[in-house]
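Q: Quick note on numbering: full-length UniProt numbering labels position 45 of the sequence shown as 45, and the sequence is numbered without any gaps.
Bear in mind the hints are in silico, worked out from the structure with no lab data behind them. We put the beta carbon where it would ideally sit given N, CA and C, even for glycine. Take these hints with a grain of salt, some might be off.
Derived Cβ-Cβ restraints for the label pairs, each shown as a range [claimed, not checked]:
{"hint": "1", "residue 1": "Y342", "residue 2": "K485", "range": "18 to 26 Å"}
{"hint": "2", "residue 1": "N334", "residue 2": "I236", "range": "43 to 51 Å"}
{"hint": "3", "residue 1": "Q308", "residue 2": "T227", "range": "16 to 24 Å"}
{"hint": "4", "residue 1": "R573", "residue 2": "D506", "range": "48 to 56 Å"}
{"hint": "5", "residue 1": "R284", "residue 2": "I236", "range": "28 to 36 Å"}
{"hint": "6", "residue 1": "K627", "residue 2": "P591", "range": "14 to 22 Å"}
{"hint": "7", "residue 1": "D278", "residue 2": "Y331", "range": "31 to 39 Å"}
{"hint": "8", "residue 1": "D201", "residue 2": "A356", "range": "19 to 27 Å"}
{"hint": "9", "residue 1": "E431", "residue 2": "Q308", "range": "37 to 45 Å"}
{"hint": "10", "residue 1": "A356", "residue 2": "H394", "range": "18 to 26 Å"}
{"hint": "11", "residue 1": "L323", "residue 2": "G176", "range": "25 to 33 Å"}
For lysine-lysine, the following BS3-like pairs were computed, each having C-alpha atoms within a straight-line distance of at most 25 Å [unchecked claim]:
{"hint": "12", "residue 1": "K345", "residue 2": "K326"}
{"hint": "13", "residue 1": "K285", "residue 2": "K274"}
{"hint": "14", "residue 1": "K274", "residue 2": "K252"}
{"hint": "15", "residue 1": "K285", "residue 2": "K345"}
{"hint": "16", "residue 1": "K364", "residue 2": "K223"}
{"hint": "17", "residue 1": "K627", "residue 2": "K516"}
{"hint": "18", "residue 1": "K521", "residue 2": "K580"}
{"hint": "19", "residue 1": "K223", "residue 2": "K488"}
{"hint": "20", "residue 1": "K252", "residue 2": "K223"}
{"hint": "21", "residue 1": "K345", "residue 2": "K485"}
{"hint": "22", "residue 1": "K627", "residue 2": "K521"}
{"hint": "23", "residue 1": "K223", "residue 2": "K255"}
{"hint": "24", "residue 1": "K128", "residue 2": "K118"}
{"hint": "25", "residue 1": "K307", "residue 2": "K338"}
{"hint": "26", "residue 1": "K223", "residue 2": "K476"}
{"hint": "27", "residue 1": "K274", "residue 2": "K118"}
{"hint": "28", "residue 1": "K476", "residue 2": "K466"}
{"hint": "29", "residue 1": "K393", "residue 2": "K476"}
{"hint": "30", "residue 1": "K462", "residue 2": "K364"}
{"hint": "31", "residue 1": "K364", "residue 2": "K485"}
{"hint": "32", "residue 1": "K415", "residue 2": "K393"}
{"hint": "33", "residue 1": "K179", "residue 2": "K223"}
{"hint": "34", "residue 1": "K128", "residue 2": "K289"}
{"hint": "35", "residue 1": "K289", "residue 2": "K326"}
{"hint": "36", "residue 1": "K393", "residue 2": "K338"}
{"hint": "37", "residue 1": "K488", "residue 2": "K314"}
{"hint": "38", "residue 1": "K345", "residue 2": "K488"}
{"hint": "39", "residue 1": "K127", "residue 2": "K163"}
{"hint": "40", "residue 1": "K627", "residue 2": "K580"}
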Amino acid sequence: HCRTQQPAHKCLLGARQTGVAMFGLTRVSPAATAATAAISTTVTAGNSAHCGTPYGLLHQRKTLASIISSCQAASNCFLQVPSVSLQSKSFALKAISESQAVAMSNKEAQSSYPSGQKQVLISLSDKKDLAFLGNGLQSLGYTIVSTGGTASSLESAGVSVTKVEQLTHFPEMLDGRVKTLHPNIHGGILARRDKKHHMEDLSSHGIGTFDIVVVNLYPFYDKVTATGGIKFEDGIENIDIGGPAMIRAAAKNHKDVLVVVDSGDYPELLEFLKTSQDDQQFRRKLAWKAFQHVASYDSAVSEWLWKQTNGEDKFPHSFTVPLSLKSSLRYGENPHQKAAFYVDKSISEVNAGGIATAIQHHGKEMSYNNYLDADAAWNCVSEFQSPTCVVVKHTNPCGVASRVDILEAYRLAVKADPVSAFGGIVAFNTEVDEALAREIREFRSPTDGETRMFYEIVVAPKYTEKGLETLRGKSKTLRILEARKNEKGKLSLRQVGGGWLAQQSDDLTPEDIQFKAVAEKSADESALSDAKFAWLCVKHVKSNAIVIAKDNCMLGMGSGQPNRVESLRIAMRKAGDEVKGAALASDAFFPFAWNDAVEEACQAGIGVIAEPGGSIRDQDAIDCCNKYGVTLLFTNVRHFRH
Numbered sequence: 001h002c003r004t005q006q007p008a009h010k011c012l013l014g015a016r017q018t019g020v021a022m023f024g025l026t027r028v029s030p031a032a033t034a035a036t037a038a039i040s041t042t043v044t045a046g047n048s049a050h051c052g053t054p055y056g057l058l059h060q061r062k063t064l065a066s067i068i069s070s071c072q073a074a075s076n077c078f079l080q081v082p083s084v085s086l087q088s089k090s091f092a093l094k095a096i097s098e099s100q101a102v103a104m105s106n107k108e109a110q111s112s113y114p115s116g117q118k119q120v121l122i123s124l125s126d127k128k129d130l131a132f133l134g135n136g137l138q139s140l141g142y143t144i145v146s147t148g149g150t151a152s153s154l155e156s157a158g159v160s161v162t163k164v165e166q167l168t169h170f171p172e173m174l175d176g177r178v179k180t181l182h183p184n185i186h187g188g189i190l191a192r193r194d195k196k197h198h199m200e201d202l203s204s205h206g207i208g209t210f211d212i213v214v215v216n217l218y219p220f221y222d223k224v225t226a227t228g229g230i231k232f233e234d235g236i237e238n239i240d241i242g243g244p245a246m247i248r249a250a251a252k253n254h255k256d257v258l259v260v261v262d263s264g265d266y267p268e269l270l271e272f273l274k275t276s277q278d279d280q281q282f283r284r285k286l287a288w289k290a291f292q293h294v295a296s297y298d299s300a301v302s303e304w305l306w307k308q309t310n311g312e313d314k315f316p317h318s319f320t321v322p323l324s325l326k327s328s329l330r331y332g333e334n335p336h337q338k339a340a341f342y343v344d345k346s347i348s349e350v351n352a353g354g355i356a357t358a359i360q361h362h363g364k365e366m367s368y369n370n371y372l373d374a375d376a377a378w379n380c381v382s383e384f385q386s387p388t389c390v391v392v393k394h395t396n397p398c399g400v401a402s403r404v405d406i407l408e409a410y411r412l413a414v415k416a417d418p419v420s421a422f423g424g425i426v427a428f429n430t431e432v433d434e435a436l437a438r439e440i441r442e443f444r445s446p447t448d449g450e451t452r453m454f455y456e457i458v459v460a461p462k463y464t465e466k467g468l469e470t471l472r473g474k475s476k477t478l479r480i481l482e483a484r485k486n487e488k489g490k491l492s493l494r495q496v497g498g499g500w501l502a503q504q505s506d507d508l509t510p511e512d513i514q515f516k517a518v519a520e521k522s523a524d525e526s527a528l529s530d531a532k533f534a535w536l537c538v539k540h541v542k543s544n545a546i547v548i549a550k551d552n553c554m555l556g557m558g559s560g561q562p563n564r565v566e567s568l569r570i571a572m573r574k575a576g577d578e579v580k581g582a583a584l585a586s587d588a589f590f591p592f593a594w595n596d597a598v599e600e601a602c603q604a605g606i607g608v609i610a611e612p613g614g615s616i617r618d619q620d621a622i623d624c625c626n627k628y629g630v631t632l633l634f635t636n637v638r639h640f641r642h
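Assemble the whole structure, with the sequences as input and the hints as a guide.
A: What follows is the structure, encoded as structure tokens:
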């Protein structure tokens, strides 16, 4: 609505600049004259023949430009254009093409954009190093256009700023939801400099170009993952709209517009601007980074909304996993394979623990295989409630022991398979103090009593100051990790050629299931305890998996064999004479019993067997155990691990 007490041509110009009415009007259709009492364009002028006449009642060929000419001499002429008249379906309204009004409008608007002026648009939520950037750009001759709090921060740092409103001629509105969503902003970002008609369009509308766009987004991720959570309405308000629009626009037009979303790129940006060389690769790198920034942001919003909408359903029709590079690795599983390590930035992984977020206190950089082995060791040891030590080699636990005295647990875990333990990973679920650290540092191999044990990694939930100091003295290369226990209920992803498999993590513990005695001999408290311990260990061994255990200590394990009999034989060989009266756990049922794994175990002296059951020959296994007086427990839970 233009109610400017000034000559009508000025009023038209004012309407154009404020964005309320950006065009003039031609005649209305004859059929619409009946509505002119409610919807009209009225010109009032002291000495005009058309004063107070509704525009809809004027002669059909009379144009607004001619009315303006008639009113120019009037002392108190004003033009009123109700907004509904621009939208009503009852009117066939068209933009006027009179050169007089358009030329005056463009000439006035172009005064905001001096020819050849270098402009940068800055709008930041995270204002880290903003003063450094602003002063650097200003010293290079750039005019800085900015919004709200960013503009205030720049001005506080002594940087001259042009407010966005000075370009859009429109105030920020809707609680800040609308401030940069305007042609005067996006036209200046998206216009291609190599297209003549693009530049002519900018010129005809009085729009200047932007050479640089520096934007980061509302802290949605931090807000929705904050302790205590966030209300749904507050989460919605933290979804950025204008920021992603500007970033995407600049990234699309990166040939002409540099886009920066990371404060870490400020120094390189300033150095780039000081040179006359136009490096398109640098521009493309920034554009890639910008699109990746927005993609990660959108994935967080999508994940959050999915959880708000679908609750416990972990399998949406599509989803994105945002990964952030933590380190470039020396190589992959083998030296000829290049590799890198990424941290999962999904909302579900925030404060959820795991090796990816572990703190490394000492030692060489982690390798690809180090991460796999450390993850296996940490996942296994975190399952136990009592003080426990787990030793892992090639992702398989080769030694596990639980004791009130953690030093004894460590010695027993190594003793289970000292040959495999050498060069392995040692994990604890308790704090490592000076005494335990000294034992780790000085312990000799049980095979000869002389060779000091060597390990790649020690991982624990925490260390005392003296404990860390002592461990550091063992080796310059020993990696010392401090990790948080993995939360339950995570989504497990695994890649196959051309796709991914997704499943819920295997979080079941012995307390979650029933160990049902199905043979004649029942399980006493000691036998049941041994069976549960063996069952928890076998869960972390690669299939086909067999674990033999007694008194909360692994005695032997067989893993990764194509048939269960071979895994059994390996486990029994490692257990030796201690197999008698021990518990045996199998990750899956025994397809055969007689002259097979079950009978061999019974003949070796195993006291109790825990297996899922479910075979068509389960009765054979029961009969076999009855023959040898062995307790047989069915768990109805399989633990395959491939």
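Q: Given the hinted pair K393 and K476, is their alpha-carbon gap at most 25 Å?
A: Status holds; Cα separation ~21 Å.
Q: Determine whether the Cβ-Cβ distance between D278 and Y331 falls within the hinted range of 31 to 39 Å.
A: Distance hint for D278, Y331 holds at roughly 36 Å.
Q: Does the structure keep K179 and K223 at a Cα separation of 25 Å or less?
A: holds, 22 Å
Q: Against the 25 Å threshold, does the CA-CA distance of K415 and K393 hold or violate the hint?
A: holds, 14 Å
Q: For D201 and A356, compare the CB-CB distance with the range 19 to 27 Å and indicate the outcome.
A: violated, 49 Å
Q: For the pair supplied as a hint, K307 and K338, confirm whether the alpha-carbon distance does not exceed 25 Å.
A: violated, 36 Å
Q: Between K345 and K326, is the straight-line Cα distance small enough, at 25 Å or below?
A: holds, 11 Å
Q: Check whether the Cα positions of K462 and K364 lie no farther apart than 25 Å.
A: Measuring from Cα to Cα gives roughly 19 Å; hence the hint holds.
Q: Holds or violated: are the alpha carbons of K364 and K485 at most 25 Å from each other?
A: Within the cut-off at roughly 23 Å; holds.
Q: Is K252 within 25 Å of K223, Cα to Cα?
A: violated, 29 Å
Q: Against the 25 Å threshold, does the CA-CA distance of K289 and K326 hold or violate the hint?
A: Within the cut-off at roughly 16 Å; holds.
Q: Hint check: K128 vs K118, CA-CA at most 25 Å. Holds or violated?
A: holds, 23 Å
Against the hints set out earlier in the document, violations occur for numbers 4, 8, 16, 20, 23, 25 and 26.
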